[in-house]
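*Asks:* Spelled out, the chains give:
There are 4 protein chains.
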Amino acid sequence: MSKCFIEEIEEGLHLTYTIKKLLNSAQSKFQQVEVAETGPFGRCLIIDGLMQSSDIDEHVYHECLVHPSLLAHPNPKTVFIGGGGEGGTARECLRHKGVEKVVMVDIDGDVVNFCKANLPQNTAAFADPRLELIIDDAKARIEGYPPASFDVIIMDLDDPIEGGPCYWLYTKDFYETCKTKLTPGGILVTQCSAAGVKSHSLVWSPVNNTMKQVFKKVHPYSQAVYSFCDEWGWSMGSDDEATLERLSEAEIDKRIGERLSGDLKFLDGCSYQGLFCLSKQHRKTLAEETRVLSVENPAFLSTGTSNKGLGHVANALPSQ
Amino acid sequence: MSKCFIEEIEEGLHLTYTIKKLLNSAQSKFQQVEVAETGPFGRCLIIDGLMQSSDIDEHVYHECLVHPSLLAHPNPKTVFIGGGGEGGTARECLRHKGVEKVVMVDIDGDVVNFCKANLPQNTAAFADPRLELIIDDAKARIEGYPPASFDVIIMDLDDPIEGGPCYWLYTKDFYETCKTKLTPGGILVTQCSAAGVKSHSLVWSPVNNTMKQVFKKVHPYSQAVYSFCDEWGWSMGSDDEATLERLSEAEIDKRIGERLSGDLKFLDGCSYQGLFCLSKQHRKTLAEETRVLSVENPAFLSTGTSNKGLGHVANALPSQ
Amino acid sequence: MSKCFIEEIEEGLHLTYTIKKLLNSAQSKFQQVEVAETGPFGRCLIIDGLMQSSDIDEHVYHECLVHPSLLAHPNPKTVFIGGGGEGGTARECLRHKGVEKVVMVDIDGDVVNFCKANLPQNTAAFADPRLELIIDDAKARIEGYPPASFDVIIMDLDDPIEGGPCYWLYTKDFYETCKTKLTPGGILVTQCSAAGVKSHSLVWSPVNNTMKQVFKKVHPYSQAVYSFCDEWGWSMGSDDEATLERLSEAEIDKRIGERLSGDLKFLDGCSYQGLFCLSKQHRKTLAEETRVLSVENPAFLSTGTSNKGLGHVANALPSQ
Amino acid sequence: MSKCFIEEIEEGLHLTYTIKKLLNSAQSKFQQVEVAETGPFGRCLIIDGLMQSSDIDEHVYHECLVHPSLLAHPNPKTVFIGGGGEGGTARECLRHKGVEKVVMVDIDGDVVNFCKANLPQNTAAFADPRLELIIDDAKARIEGYPPASFDVIIMDLDDPIEGGPCYWLYTKDFYETCKTKLTPGGILVTQCSAAGVKSHSLVWSPVNNTMKQVFKKVHPYSQAVYSFCDEWGWSMGSDDEATLERLSEAEIDKRIGERLSGDLKFLDGCSYQGLFCLSKQHRKTLAEETRVLSVENPAFLSTGTSNKGLGHVANALPSQ
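Order-wise, the sequence lines are chains A, B, C and D.
For the record, in the first sequence the residue sitting at position 5 is 4 according to numbering that gives the first Met the number 0, with numbers rising by one throughout.
For the record, in the second sequence the residue sitting at position 200 is 199 according to numbering that gives the first Met the number 0, with numbers rising by one throughout.
For the record, in the third sequence the residue sitting at position 123 is 122 according to numbering that gives the first Met the number 0, with numbers rising by one throughout.
For the record, in the fourth sequence the residue sitting at position 172 is 171 according to numbering that gives the first Met the number 0, with numbers rising by one throughout.
Note that these hints are calculated values from the structure, not bench results.
Check each hint, because a few of them may be wrong.
Derived pair list, reagent style BS3-like, types lysine-lysine, alpha-carbon separation capped at 25 Å [stated by the list, open to error]: (1) LYS28/A to LYS253/D; (2) LYS19/B to LYS197/C; (3) LYS19/D to LYS197/C; (4) LYS279/D to LYS76/D; (5) LYS115/D to LYS20/A; (6) LYS253/D to LYS20/A; (7) LYS253/B to LYS100/B; (8) LYS253/B to LYS279/B; (9) LYS19/A to LYS20/D; (10) LYS283/A to LYS197/B; (11) LYS19/C to LYS115/C; (12) LYS178/A to LYS216/A; (13) LYS76/B to LYS96/A; (14) LYS171/A to LYS283/A; (15) LYS253/B to LYS279/A; (16) LYS283/B to LYS171/B; (17) LYS96/A to LYS279/A.
Partial list, derived from the structure: chain D residues whose beta carbon lies under 7 Å from chain C [as the list claims (entries may be wrong)]: (18) GLN31; (19) GLU257; (20) GLY261; (21) PHE265; (22) PHE299.
All figures in this text were calculated on a predicted structure; none of them were measured in a lab.
Note that the Cβ used here is the ideal one computed from N, Cα and C, for glycine as well.
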């Protein structure tokens with residue numbers, strides 16, 4: 000077997016995958032960042048020992064994160080991305096020919112530079128003049144924008160971890176702040192961590208319920224991501240209920256054809272429908288959820304030891 | 000960590016999960032069979048080192064295998080199960096109040112007895128007078144039935160493995176034999192192994208195409224199964240195209256309400272829709288598939304070393 | 000790979016070994032006890048996930064623990080064993096035809112019964128009328144004996160672990176108590192945990208120095224034990240310096256021939272010499288050691304998570 | 000755990016150790032060569048996934064390989080090293096102030112360059128003018144020397160592996176060739192692979208017996224090496240029985256003091272004695288050994304899958 004990554008999926012469950020070649024490994028101010036050719040997943044980005052994306056299915060994650068909200072919106076021109084340093088989220092936003100400006104705020108400039116250098120599929124996105132890349136704290140930055148600055152806000156953050164700062168960005172307060180920055184009919188979407196039969200109640204369910212306190216309509220959706228070893232969840236919310244009506248298969252295919260450049264690999268009208276067909280079990284959890292997240296009452300993905308390295312991030316953020 | 004199972008998902012990818020208590024372990028004539036309380040998955044059935052089902056999500060697999068075809072059929076009374084020794088497939092069939100007879104043919108009587116003793120959720124099914132349990136080779140047995148004996152045939156077999164006998168049951172010849180045993184409007188459904196972004200072309204795609212050579216209409220569908228560490232695929236086929244029309248969410252919920260006893264945990268009208276919303280990438284693979292499986296040209300899940308123990312099964316079957 | 004034990008040797012170093020058959024597994028009042036046929040080591044006793052002994056080399060450990068002191072003593076008739084519930088230590092003591100009484104005090108009666116039932120090589124020892132087996136706390140019991148009760152005292156304890164009671168038995172106070180129970184010329188020997196190039200300073204070195212505060216002469220010795228994945232250390236001490244003089248190869252072979260029944264597999268005059276030929280590096284550590292262990296200042300093998308399960312043992316000992 | 004090496008020690012036994020930083024990784028013409036900072040072992044050299052040496056104990060291996068024969072010889076001036084590309088063997092030879100010339104022949108120039116660049120403890124040795132470094136096949140080269148060219152020949156080769164060329168260098172024919180190149184009283188020593196309670200019969204025992212067919216006197220010796228996860232064996236042979244008499248502790252300390260520059264960390268008179276004190280069990284195996292190795296009847300360490308990558312080496316050696 001020789002070189003491997005061993006990732007803790009949950010307590011008592013580890014995934015071991017071979018490293019064919021470690022392409023780069025660096026310690027940023029905040030985290031350990033690595034790019035490796037792996038046996039089962041191809042080229043992967045691994046941060047603090049956790050799989051972030053892989054050749055084999057990063058498109059699944061990024062297409063699901065970006066397109067449902069951008070396609071639902073009648074004419075999205077301005078997009079804010081919180082996090083997203085890898086570049087895949089910006090890449091998918093910039094496929095939308097109508098998008099005029101993408102502001103991406105990631106706290107870790109080293110990660111961004113690292114991904115620019117090591118993930119060729121995102122090179123063009125980083126060079127796109129419509130992208131404004133800011134290295135800073137996403138919360139501080141979005142607070143500085145005037146009201147109604149963005150048509151879509153996409154939160155592409157690390158999972159909320161005890162001791163890390165990201166959980167501040169999965170709270171009712173933060174979503175209320177974001178809402179004031181949306182244009183009328185605007186949409187906020189956030190990744191919501193693992194959403195499988197066992198994991199969906201940890202983060203996704205309380206985040207989804209928290210968004211429901213802020214937005215008139217919230218749509219949760221999910222999709223299996225092989226290299227994450229689970230299903231994954233997202234929720235999008237808006238005060239414009241009509242905008243968030245689920246679109247028909249034909250309408251999605253039509254909008255993709257009209258608005259996007261290049262071909263999507265995963266998403267089309269058919270698979271779009273599937274994202275929203277949650278199981279009876281998942282819908283029950285989401286419906287019965289009562290937790291509303293705040294800085295005082297956060298939700299965490301786990302207290303897995305794999306994540307302990309993130310604890311120092313909080314100290315690095317003097318303003319919080 | 001202490002005691003663990005280590006399972007090879009594919010070459011270079013291993014899943015390690017803790018054993019809290021090994022409840023039973025036995026060598027049948029064909030395979031090594033174990034029941035364990037595991038850390039992440041609860042009580043599990045493991046055969047030859049491969050996860051067969053777990054407390055956490057065996058209902059996902061079994062509800063997806065059984066109900067789409069039985070609900071699609073207007074009035075299923077007789078069901079044939081090939082394999083299924085664990086008992087979960089029979090249990091789900093017997094939820095259908097209209098089902099009068101379930102014939103289940105599994106080759107490994109030791110597994111059946113083992114599961115009867117160790118999987119309490121299936122005890123009632125094994126005791127149901129509508130179940131006829133036969134320990135024999137499924138192929139030999141179904142050949143012995145007169146034409147038009149079953150409304151639904153469910154193949155709940157091990158994955159096709161090089162050197163094992165199961166691949167004989169994933170061939171055009173076998174499906175043609177089965178078709179003659181179906182009543183008019185009858186449906187055959189088979190589990191089709193892993194169906195993820197990377198695995199779906201190995202078995203599912205050629206099996207689906209092989210069924211298309213035999214049945215006028217074939218519906219592939221898939222669902223993530225956490226304890227299998229991937230999405231899973233099934234295909235159902237019928238010569239009655241109307242029967243296999245996808246039913247509406249409301250119609251599925253109605254039929255579940257009218258026909259089934261007890262509550263399903265995973266499947267309902269909404270999640271039923273999701274099963275069929277395959278991704279663009281998956282549909283492309285299935286559409287472009289040209290392989291037609293036969294004993295001479297089989298498909299195998301993998302040549303992973305985990306599976307090598309099955310090689311002796313072929314020798315144990317003199318008639319093949 | 001299927002079923003395995005995964006043992007943490009030290010932080011960042013794990014040993015994974017296959018389980019062919021788990022023969023028995025039970026939770027005693029104090030610990031999790033298991034006997035398994037393993038791939039690399041044959042039948043093994045594993046307590047709280049840590050290898051205790053294996054078919055392949057339990058004789059190495061037990062012959063090294065017992066015979067150097069019993070052979071050094073001119074005529075050992077009475078032996079006290081602290082711990083030793085597995086039975087191998089008693090077995091080796093009882094090989095000495097001159098030994099008239101072996102008192103073995105182990106706190107865990109379940110382990111003793113478990114080993115009686117599962118380790119056939121120790122069956123005869125448990126049935127030997129010279130063995131008095133007491134289930135109790137070794138410290139409390141030895142305190143109850145009159146002075147000069149034993150010719151040799153053998154401490155065959157678990158490694159000292161934070162939160163466990165065993166570290167009380169690796170202290171100056173305890174060794175002083177033991178010394179009063181020794182007959183003139185008597186010897187105390189204790190297992191001292193891992194003694195490799197990296198581990199020997201953790202427990203062995205401070206224990207050895209602690210014994211030097213109590214006994215006029217102390218002899219440390221070590222030997223590689225494959226299934227422990229390291230070298231192992233022992234120290235024996237006596238106030239009779241002549242008794243503890245290292246014996247010649249010929250004298251050891253002579254005494255073995257005269258005093259023992261049955262054949263030793265590992266130890267003879269030649270390998271006896273090797274036990275005491277510590278490396279320059281080891282001798283330097285032992286010579287420079289200044290720690291003297293007490294209940295207030297104990298030494299621990301590690302704070303490895305594997306060991307955390309032992310914490311409740313302390314609570315089970317009301318008198319301490 | 001994140002990044003790890005997983006090494007197969009034997010079938011069913013794996014050692015997993017964390018990688019803190021992968022310093023270098025390269026594919027030579029013959030093998031995959033890596034230097035990593037590891038958690039448990041410090042900086043390590045790993046070739047084809049197998050630990051070659053580590054900060055924590057490479058001195059144990061190299062001091063044991065080199066000094067027993069050079070100290071036994073009355074006045075060694077010329078030394079031949081077969082293999083040894085890492086540099087540690089040359090380094091220890093060059094400590095001997097009386098040594099005038101060390102010829103080192105390693106087949107893999109890339110490994111040599113890699114180790115020069117990455118193992119600072121060997122830098123001085125590579126720069127020593129007494130070292131003649133030749134990149135070639137050791138067998139072909141030594142055959143080209145006139146008789147009586149070397150006082151000591153040290154074989155520091157990879158373990159003999161099926162399909163690899165090294166097993167040609169563990170044969171009677173090869174030792175006979177070497178003997179003709181020794182000066183009167185000259186000594187040949189070879190590393191003999193794992194020498195533990197379970198492994199010592201695989202390679203060490205037949206190699207030792209093969210040497211006994213060629214040399215009048217052969218001394219086997221062993222020592223635990225933690226990072227190799229076992230004891231390790233060496234054998235040295237000479238036709239001068241007096242030279243190979245085991246030296247006293249005092250004589251070894253005297254010769255070390257007189258002849259060597261710098262301090263040894265592991266070896267001195269005391270630990271030297273321990274190397275030769277083999278256990279009863281080991282001596283029995285060695286004494287009863289009947290195998291005599293030849294190209295037609297070689298011995299292999301194992302057929303572990305970890306080693307399969309070496310198979311192509313044979314093809315790379317046109318002359319064999």
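*Asks:* None of the hints should be skipped; say for each whether it holds.
*Replies:* To see whether the hints hold, each was checked on the structure:
Between LYS28/A and LYS253/D the alpha-carbon distance is near 54 Å, which puts this suggested pair outside the 25 Å criterion. In summary, the hint linking LYS19/B to LYS197/C is not supported, as the alpha carbons are separated by about 32 Å, beyond the 25 Å threshold. For the hint pairing LYS19/D with LYS197/C, the CA-to-CA distance comes to about 18 Å; that is within 25 Å, so the pair holds. Simply put, LYS279/D and LYS76/D have alpha-carbon atoms about 36 Å apart, too far for the 25 Å limit, and the pair is violated.
Simply put, LYS115/D and LYS20/A have alpha-carbon atoms about 22 Å apart, close enough for the 25 Å limit, and the pair holds. The hinted pair formed by LYS253/D and LYS20/A fails the criterion: a straight-line CA distance of about 50 Å is larger than 25 Å. Simply put, LYS253/B and LYS100/B have alpha-carbon atoms about 23 Å apart, close enough for the 25 Å limit, and the pair holds. At roughly 30 Å between alpha-carbon atoms, LYS253/B and LYS279/B are farther apart than 25 Å, so this suggested pair is violated.
Straight-line distance between C-alpha atoms of LYS19/A and LYS20/D comes to about 16 Å, which keeps the hinted pair within the 25 Å bound. Restraint check for LYS283/A and LYS197/B: not satisfied, since their Cα atoms lie roughly 31 Å apart, outside the 25 Å limit. Distance hint between LYS19/C and LYS115/C is fulfilled; the C-alpha atoms sit about 21 Å from each other, no more than 25 Å. Distance restraint check for LYS178/A and LYS216/A: the Cα-Cα separation of roughly 13 Å lies within the 25 Å cut-off, and the hinted pair is therefore satisfied.
With a C-alpha separation of about 55 Å, the suggested pair LYS76/B and LYS96/A falls outside the 25 Å cut-off, and the hint is violated. A threshold of 25 Å between alpha carbons decides the hint, and for LYS171/A with LYS283/A the separation of about 22 Å falls inside it, so the pair holds. A hinted pair counts as satisfied when its Cα atoms are at most 25 Å apart, and LYS253/B with LYS279/A qualifies at roughly 15 Å. A threshold of 25 Å between alpha carbons decides the hint, and for LYS283/B with LYS171/B the separation of about 22 Å falls inside it, so the pair holds.
Restraint check for LYS96/A and LYS279/A: the C-alpha separation of about 37 Å exceeds 25 Å, so the hint is violated. Evaluation of the GLN31/D hint against chain C yields a violated restraint, the C-beta minimum of about 22 Å exceeding 7 Å. Hint status for GLU257/D relative to chain C: violated, with the closest Cβ pair at about 17 Å, above 7 Å. About 13 Å separates the beta-carbon of GLY261/D from the nearest beta-carbon of chain C, more than 7 Å, and the hint is not met.
Contact between PHE265/D and chain C, as hinted, is supported at the beta carbon level, the nearest pair being about 5 Å apart and thus within 7 Å. For PHE299/D, the interface hint is violated, the least distance from its beta-carbon to any beta-carbon of chain C being 18 Å, above 7 Å.
Comparing the model with each earlier hint shows violations of hints 1, 2, 4, 6, 8, 10, 13, 17, 18, 19, 20 and 22; every other hint is respected.
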